[in-house]
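Now for the letters of each chain:
Protein chains: 6
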Amino acid sequence: MHDNNASKIIGCDNSYEESRIVVFGAPFDGTVSYRPGARFGSSAVRSESYSIETYSPYQDRDLEDIRVFDAGDLELPLGNTVKVLEIIEEYAYRILNDGKIPFMIGGEHLVSLGAVRAAVKKYKDLHIIHFDAHSDLRDEYLGESLSHATVMRRCWELVGDRRIFQFGIRSGSREEIYWGKDHVYTSFFDFSRLDGVVEALKGKPVYLTIDLDVLDTSVFPGTGTPEAGGVTFSELLDAVGKVSCLDIVALDMTELSPPLDPSGASTVLACKLLREVLLYVYK
Amino acid sequence: MHDNNASKIIGCDNSYEESRIVVFGAPFDGTVSYRPGARFGSSAVRSESYSIETYSPYQDRDLEDIRVFDAGDLELPLGNTVKVLEIIEEYAYRILNDGKIPFMIGGEHLVSLGAVRAAVKKYKDLHIIHFDAHSDLRDEYLGESLSHATVMRRCWELVGDRRIFQFGIRSGSREEIYWGKDHVYTSFFDFSRLDGVVEALKGKPVYLTIDLDVLDTSVFPGTGTPEAGGVTFSELLDAVGKVSCLDIVALDMTELSPPLDPSGASTVLACKLLREVLLYVYK
Amino acid sequence: MHDNNASKIIGCDNSYEESRIVVFGAPFDGTVSYRPGARFGSSAVRSESYSIETYSPYQDRDLEDIRVFDAGDLELPLGNTVKVLEIIEEYAYRILNDGKIPFMIGGEHLVSLGAVRAAVKKYKDLHIIHFDAHSDLRDEYLGESLSHATVMRRCWELVGDRRIFQFGIRSGSREEIYWGKDHVYTSFFDFSRLDGVVEALKGKPVYLTIDLDVLDTSVFPGTGTPEAGGVTFSELLDAVGKVSCLDIVALDMTELSPPLDPSGASTVLACKLLREVLLYVYK
Amino acid sequence: MHDNNASKIIGCDNSYEESRIVVFGAPFDGTVSYRPGARFGSSAVRSESYSIETYSPYQDRDLEDIRVFDAGDLELPLGNTVKVLEIIEEYAYRILNDGKIPFMIGGEHLVSLGAVRAAVKKYKDLHIIHFDAHSDLRDEYLGESLSHATVMRRCWELVGDRRIFQFGIRSGSREEIYWGKDHVYTSFFDFSRLDGVVEALKGKPVYLTIDLDVLDTSVFPGTGTPEAGGVTFSELLDAVGKVSCLDIVALDMTELSPPLDPSGASTVLACKLLREVLLYVYK
Amino acid sequence: MHDNNASKIIGCDNSYEESRIVVFGAPFDGTVSYRPGARFGSSAVRSESYSIETYSPYQDRDLEDIRVFDAGDLELPLGNTVKVLEIIEEYAYRILNDGKIPFMIGGEHLVSLGAVRAAVKKYKDLHIIHFDAHSDLRDEYLGESLSHATVMRRCWELVGDRRIFQFGIRSGSREEIYWGKDHVYTSFFDFSRLDGVVEALKGKPVYLTIDLDVLDTSVFPGTGTPEAGGVTFSELLDAVGKVSCLDIVALDMTELSPPLDPSGASTVLACKLLREVLLYVYK
Amino acid sequence: MHDNNASKIIGCDNSYEESRIVVFGAPFDGTVSYRPGARFGSSAVRSESYSIETYSPYQDRDLEDIRVFDAGDLELPLGNTVKVLEIIEEYAYRILNDGKIPFMIGGEHLVSLGAVRAAVKKYKDLHIIHFDAHSDLRDEYLGESLSHATVMRRCWELVGDRRIFQFGIRSGSREEIYWGKDHVYTSFFDFSRLDGVVEALKGKPVYLTIDLDVLDTSVFPGTGTPEAGGVTFSELLDAVGKVSCLDIVALDMTELSPPLDPSGASTVLACKLLREVLLYVYK
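Chains A, B, C, D, E and F, in that order, give the protein sequences. Per our numbering, the first sequence starts with residue 998, numbered consecutively. Per our numbering, the second sequence starts with residue 998, numbered consecutively. Per our numbering, the third sequence starts with residue 998, numbered consecutively. Per our numbering, the fourth sequence starts with residue 998, numbered consecutively. Per our numbering, the fifth sequence starts with residue 998, numbered consecutively. Per our numbering, the sixth sequence starts with residue 998, numbered consecutively.
Where hints are given, some of them may not hold.
Copies of the same chain look alike in the list, so a pair counts if it works inside one copy or between any two.
[What the hints assert, rightly or not] Capping the alpha-carbon separation at 20 Å, the derived lysine to aspartate or glutamate pairs in EDC-like fashion look like this:
hint, residue 1, residue 2
1, Lys1178, Asp1057
2, Lys1121, Glu1154
3, Lys1080, Glu1137
4, Lys1178, Asp1059
5, Lys1005, Glu1015
6, Lys1080, Glu1141
7, Lys1118, Asp1136
None of these hints come from the bench; they were simulated from the model.
Could you put the whole structure together from the sequences, leaning on the hints where they help?
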């Protein structure tokens, strides 16, 4: 019979107790009006992860060397966004409270709000590093305040001015982009100014949120709102490497949408990126 | 240039004022955890309707002979189920209040609840004829009371015992099926006992809700929860014909899921059924 | 190495000279505005035919017992409909002139016009048996006189009143259906009155044109304009069997659209039907 | 977190020890040259089974009432057919030896050979009831003796003349069909003569093998070699019901091919059939 | 209800009269023998445009700042290439005559011929800048003079020697490439020599035709004849920016093929490119 | 009628006798457990090759200038890996023995073993240049010694230490990567050290094996185990150009998987690469 651990992400089959990072899925895409599917992101990562190796030739390290637990997917009530965020917050807080690092796999980007709420409860001085094609700073979207397009605005309400650092941004309404100039730090198109930000954030608690559409559409077409002109896989890997010297207290990776990935290549890329992030962040 | 009315369902391009039936879309599938896509049902019907004729050889009538207005899709806030139902109720009530018949195109089956609320507000003595593969009589589903799997239970709370008449049912939990025996009228698998029900409902205000998965999966694979062993297209057409002699005050057709219809044949069938239902119900 | 004859339809690898039936493809769908793809029908039949057997348990006969030549696909200039029909007519006439039966695989239904022109040149008294969901009797479609929706009207201009016998029809504009009542024989929905027609056509030269959308959409979803409420595979087989006692001088099978057949089942069905028709018609 | 048993087929989460039927997957399609994918059949049934209910309105029974264990998928070495069959035989024999009924989910039809070998080892007088579109009686296929097209010939070598009873057959080479007339019992196209066979097999140990392509292609397009003209879901259900009064000592269900099932409807049908067969066979 | 302007490309909802650029679709792919689908390009751009923003962070400008009218799709008779080009020419000429800039969205590349005919009628001294992977300079293709593979040859007949400037070319027959050396200016593979051409064309009326397959297949797989080794999105954007200082009197963007874009990413890219081109060209 | 040579790869329609390179397909993917489909690679290349030109603007040469024969696909018994490799070895050896260069199109990468066996039989001093994302140096995979994941280890057993030169490698288990350090030459991620290797191999007989997944997933998603971070098309072309100055005695190109290439762009790229490799290698 197949290994029972096949229901865990590859290499993430340690116990909760012994693990320093806890991965969990947040299968929610309830506010995505246009091209849904991100709800299947975490389960696709879980099953497809067996097509990659646990060993990284980039870092010459192996998932077998570290202690990670895959807690599976949260059971989220689709159609009830408020409750979805509460469930995420509660579980992420439990992990933080146990002295571990929560690593959430989306789901749409709004799920980050639940985990950021948990992180800010524990770390008053929380800073957020945000890799994304979209600034997500709207105050409302289609009349709703809780949306994938408003998530960083909601996070800003929690952490305050100049605590959010965005990279790779190449899409937004004029209004939100202009608002952002006064309230967050935005680096358009690429990571060119990441070094300075990393320097400035040394010693601070950092939440890292990676919306996978920061990648160029050629590299990662399997997402709901693909934006041409993005970063390459190597550039993203390099950026994660730089950020990993900071004190990452929680993190997430969102917006893989398997139904929009007919070749499967975006899903496999997400698995590989997950491995690299885990190896980078784990200390 | 193409006809501007191409943004209307074929043959439904009369004005609101002159029309007796008002068709509108309810593009919502927020409670569908498993295989979403019904949110695209109404817009697919709208654009694909141009592949069928306005003339029915079954009834020797033409959509050009009747007055129907296609109001387009409601703008619904995904992720906020409560508000979605309020918007539907409000719009359906406006149509009813104007002395017209609302014909809603889903969307998932839960949208029926909004329209039933409107109908019951106007017609205290409302009865419901329900064509479906699933009894949808659960009290809760995944902890939520508002769900595609609970919609007829919620409707029952509005209309009371023995006012719901189900046909074609072939799936349900044991608990809900047994509960149904005491509270609704259920005809399993087919329409064999429809004649008697039609006889009994003469003169009563009737809401007709057609979950398209009442059709056999061979006939209609493009739906979220296909159930083998269903009725044929001819049987459904025949059943609608019988029901149309009643006083239909409002109606809907739900659960077409275009992403699950790669050949497009289910979508075209839904368009054709819509034409036949319009011609039958219009008096 | 694979058999060189793999580029022939299975069992149709005899020489032109020794064959009594000549199969050829007409890969054209130039007038199909809505859901193109029928141009790939004949080549799909050719390659997928190797998934069926040459033996028919229905007739207890084998393609190995008869002499059929597959001439491959005609090279047709897409975008030049007039020339396309000329090329078809010329090739079909050559086959007829050599005392053989042309069996054309479409392509969209308009290709039948080319072959009917050839047949009517040789057989002044030609009659047409037409299996289809659509009456195709429009005089114009989108301003064009040469269209898949006008093909039988053009054929009527060649053979005259009461020489076309339609079966399975269940779609048309009111105008064309009413026009048809005066000029052609139309049997709606099924083959119920086929026996009488066969009796009446004994001894006449007959062209048999099968638009595969005569089949129900459950049986044959892989076509450009699927119409629910059609005939079953057994009913179609039975009808072909009855017709085969007539003097079929030419025939065709059109409107398989492989891009609309993601499961591949419609293509395999077309291959099987082709085998049965060949075995029935060959004498 | 989601229920850990989500990695079991719905309702098959009892322990091995307490269960009377043991379901297991045989994810192999190594001899399928044409349209592979059956290897994914068992895992698709496992995950999609959560879209159906455990309760059967056909039998008014529930999977919760019976004791079934889902052992998961066997780990099979693709590319090594001989070893694949050995592994299947070994596991099926272990189940039989423990006094339980093995129920194998394919995979391609050849996997049945492994389980039949196990059954014939325990039951010398084994008879086989075989539902299929194809007779599978070839002696060789593409030069190989172990193939999905030869599986019943290999089984015949184990059980001997007149011990195999085929139903629904509608495809085969002339040679194998004629060979079959002397060695097996074949009922073409349907189940019309099933009653007599059931009567005759009372008291004998029976292996039931269901190749899902016995179903009509409209009902079950998601399979490698779809054959038009098959049985309906109701007919198959009825046939299983009749057979279930016999002493079924082992059984299987094969040839669901998820990649050929883009709408997902064939997979859901297989899940529903599995439930009905379990409820019928369990005593 | 949804905004009625949803049937316009986002941000292109001004009136014809007040607009300086008129966008229109030319849904034609009648000469594409191999992989059709470009006919759906313009309508896909129209509906998918709502997934991007009207604001460009590249240019810090917004579609709201400019005046563009989307006239919808021309109604083109598929199967009649000559008439298709006449309709395009007529409409483009009307726009030019009204002192506006026509911006045509294909459709296959042949549609450019219609618009170039209109432009050359108004501007005798017309020059053409041509971004493409293919030189499209054949005299005939499959026996036809009007084809996507001959379009620039036909344009050359209108404008004469050395008036066509091609960039990004990486495919052609030897014959057409060699012919081109004597009659047009061809820059292979990239835009490296664009600056000089822009300099030379200052003050001349320029038609800009962008065949989207000039982009690398990684960036833009959703097209009929993808060619590896193309330019990046940034390079194309940069090239458009340079060209926009010229006197662009008419332009087009062709060869998006939505059926070949299963992830949807190519369609979204085309929308984004359209926004950038509009903002660049509008003065 | 279409040219009979359409069943040959474009430009490869010379006779066996006059040709210097013989292309043949090895349609096998029997050991691919995860995402099969490579078995369809060679036939897809054959039919899609007609969408590219025979002329290369990169090399200013044309396939018409050289003599290549396409022998079609080998008939391989799926499910019998040992025999598959024997058939490949036998055919490749026949070509080598006739003084020609075999160029095999896969199929999965394991097919290379058959051709390497043939080459090493003729050239005792054989060296292998290996372009791939994966090192394929495992000793066993899922208990089998013959696997796509072990193919280079099996080749190493034939040619010995330091005779295999790998480029582009970015995935492997720690064990195989470490083993490789002692036995083969591995250049990770790119071709940066190719010049030195080419220099060193001057005068030696070289087998060139190109696993197409060496390309970045953005460039070539249509493969079973896509790996982000790969080389571009230009880099691969450049590398092939460099290698072509060596004495290439046999070569292959593997792992195109058409079912994983829904846009078709990967298949077209493989055709174009095939053309370039043929023109480079032919002397």
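Now the hints, each set against the structure:
no. : hint              : result
1   : Lys1178 / Asp1057 : between (40 Å within a copy, 13 Å between copies)
2   : Lys1121 / Glu1154 : within (13 Å within a copy, 47 Å between copies)
3   : Lys1080 / Glu1137 : both (19 Å within a copy, 15 Å between copies)
4   : Lys1178 / Asp1059 : between (41 Å within a copy, 17 Å between copies)
5   : Lys1005 / Glu1015 : within (16 Å within a copy, 27 Å between copies)
6   : Lys1080 / Glu1141 : both (15 Å within a copy, 10 Å between copies)
7   : Lys1118 / Asp1136 : neither (22 Å within a copy, 36 Å between copies)
The structure fails to meet hint 7 from the earlier list, while all remaining hints are met.
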